[in-house]
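Undergrad: Order-wise, the sequence lines are chains X and Z. Going letter by letter, the first sequence gives residues 1 to 289 in this note's numbering. Going letter by letter, the second sequence gives residues 1001 to 1239 in this note's numbering.
Treat each hint with caution, since some may be false.
[Claimed, not checked] Computed footprint of chain Z on chain X, listed as stretches where at least three residues anywhere in the stretch have a Cβ under 8 angstroms from a Cβ of chain Z:
id : region
1  : 61-74
2  : 226-239
[What the hints assert, rightly or not] Have a look at the derived ranges for each label pair, beta carbon to beta carbon:
id : chain 1 : residue 1 : chain 2 : residue 2 : range
3  : Z       : 1031      : X       : 81        : 20 to 30 angstroms
4  : Z       : 1238      : X       : 154       : 32 to 42 angstroms
5  : Z       : 1233      : X       : 19        : 32 to 42 angstroms
6  : Z       : 1158      : X       : 220       : 43 to 53 angstroms
7  : X       : 220       : Z       : 1020      : 54 to 64 angstroms
8  : X       : 236       : Z       : 1234      : 25 to 35 angstroms
9  : Z       : 1107      : X       : 114       : 57 to 67 angstroms
10 : X       : 111       : Z       : 1126      : 21 to 31 angstroms
11 : X       : 244       : Z       : 1166      : 52 to 62 angstroms
12 : Z       : 1135      : X       : 122       : 24 to 34 angstroms
No lab work stands behind these hints: they were computed from the structure. Only a predicted model underlies this, so the values are computations on that prediction, with no experimental measurement involved. Beta carbons: idealized from backbone N, C-alpha and C, even for Gly.
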Amino acid sequence: MENLRISYGEIEAVRGISFTAAEGEITAVVGRNGAGKTSVLEACTGIRSYASGVIRVLGSEPGRESTRVGTMLQTGGLYPTARALEWLTYLSRVYPNARDPRELLALVGIDQSATTTARRMSGGEQQRLKFAAALLPNPDILFLDEPTAGMDPQARRSLISIIRDLRNSGAAIVLTTHLVADIEELADRVIVLRKGEIEASGTLAELRGEGSSMHFDARPNLDIESLADDLSANYSVSEPRAGHYVIEGDPSPQALARVTAWLAERDVPTTGIRTGRTTLEELIIGDAE
Amino acid sequence: MRAALAHASWELRLTLRNGEQLLLTLIIPLVLLIAMCVTSFVPVVDGLTRVASAYPVVCTVSVIATCFTSLAIGTGFERRSGALTFLATTPIGRQGVVLGKVIATVLLAALSIALVTITAITLGWRANACALWALPVLLIAGVAFASWALFIASAFRAEAVLAIANALFLILILLGGVIINSASMPLSGLISLLPSAALANALRDSLGAGLAPGWSELVTLAAWAIVGFALARSRFRWQ
């Protein structure tokens, strides 16, 4: 994808995004609601027209190689009055390389609902049926928009293990999520979107390594200047939101000991101190808050 | 084409399983035909048998029910459920979905009219060569009603489409020159410009009186078809 731009009327939802999703890799497009994740994914499947930019899916324009692409859209994608097995069987007739619908229902764990209509299924079951439909073509590339949404922990576990198996068998997988746990368990590469632009991208390790810092939560309005004095000049302390403190600088054991000592001297309890590097959560939420 | 046929059979299957759609597209026209033949609530056209008066009316009802009301309601709910959007990402594609819908609608209308025709023949209806005029008339009317159905399904929310399509069905049939000939209604000039009146009048000529339909009816239907097709083409929304 090169320099993708998508507008809705006056609003530019996606502002110049470029990335490549490799085969045998899971690429996670992450960001807050409204960051442009779904727009990017829909453009890749050919159902969303874009103002400018170039997208190639398996070497062709979006929508061209539809026999080798599996898609799971965020909103809809089911006929409310159609039964699960019936729907997959219909779809299996239009894919040249389709997998067996019954096996897929068993794989995603809803084989007991084969003759249930979509509208009588729970949200999690509908989500699994949509996932099964995405797996049906035996795809070389999968686009999954918020695949874990509405799933119970067990269903989510099984979905994650299926996605990993597909990755290991060489498929390229592009998924969106706003859940840190999803990213940690699935993503090989992460693309962080904010307001339609790429905020950061890279492997998990790369993203975490960017901007080393320490974070802790305690009561608001601590005297951060005195804490900064206790640390060396290589550190800066800020309170970006009430009760949340960020110390920019190398999170060495010595620096951490200084911070805890400083807290102890003032008898300040902390509800969480993270030795570390930028957390994914902070990357997604951003510094704005 | 294979994908379009697969999609057509899928749509037909869901439609025929839906009780309301079945009632609207197949049962109501049949009941109406029988009711019009055994009762006298609708006046008979001078010189024609009861069934020859009723059969063109009921064919018109079939076309409006299948090509307009049923198609609009079905498409409205498919748009809301996002089913069409997903199908557009599969090898069926947008073309396959649209073509499949056209084929399914034509087949459903043909089935409805076939049932009505068999019943009419059983009740004593006989045709002459001018009945063949009904084929192009039905085709143009089908395109007109289906285009407007897709336009309305794209312009409103699913519940509003349901209400509008059902209301228009009743209004067109009762007041739009179908059951009552537009010539014997007030404002007959205006009503005869409605697609329902034009279709009913053209079918009264070809299937009832055994005459060639008038040019004004054909032109009226064609105009509705052209405007509707252009609107549906430019305004159709997948979700």
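Undergrad: Determine for every hint whether it applies to the structure shown.
TA: To see whether the hints hold, each was checked on the structure:
1. 61-74: As far as the region 61-74 of chain X goes, the hint holds, because 6 residues have Cβ atoms under 8 angstroms from chain Z.
2. 226-239: Not satisfied, violated; 0 residues make the cut.
3. Z/1031 - X/81: 20 to 30 angstroms: holds (24 angstroms)
4. Z/1238 - X/154: 32 to 42 angstroms: Given a distance of about 34 angstroms, which is inside 32 to 42 angstroms, the answer is holds.
5. Z/1233 - X/19: 32 to 42 angstroms: Given about 35 angstroms between the Cβ atoms, the range holds.
6. Z/1158 - X/220: 43 to 53 angstroms: At 49 angstroms between Cβs, range holds.
7. X/220 - Z/1020: 54 to 64 angstroms: Between residue 220 of chain X and residue 1020 of chain Z, where Cβ atoms are some 60 angstroms apart, the hint holds.
8. X/236 - Z/1234: 25 to 35 angstroms: Given range 25 to 35 angstroms: violated, Cβ gap about 58 angstroms.
9. Z/1107 - X/114: 57 to 67 angstroms: Violated, at about 28 angstroms.
10. X/111 - Z/1126: 21 to 31 angstroms: violated (57 angstroms)
11. X/244 - Z/1166: 52 to 62 angstroms: holds (56 angstroms)
12. Z/1135 - X/122: 24 to 34 angstroms: violated (49 angstroms)
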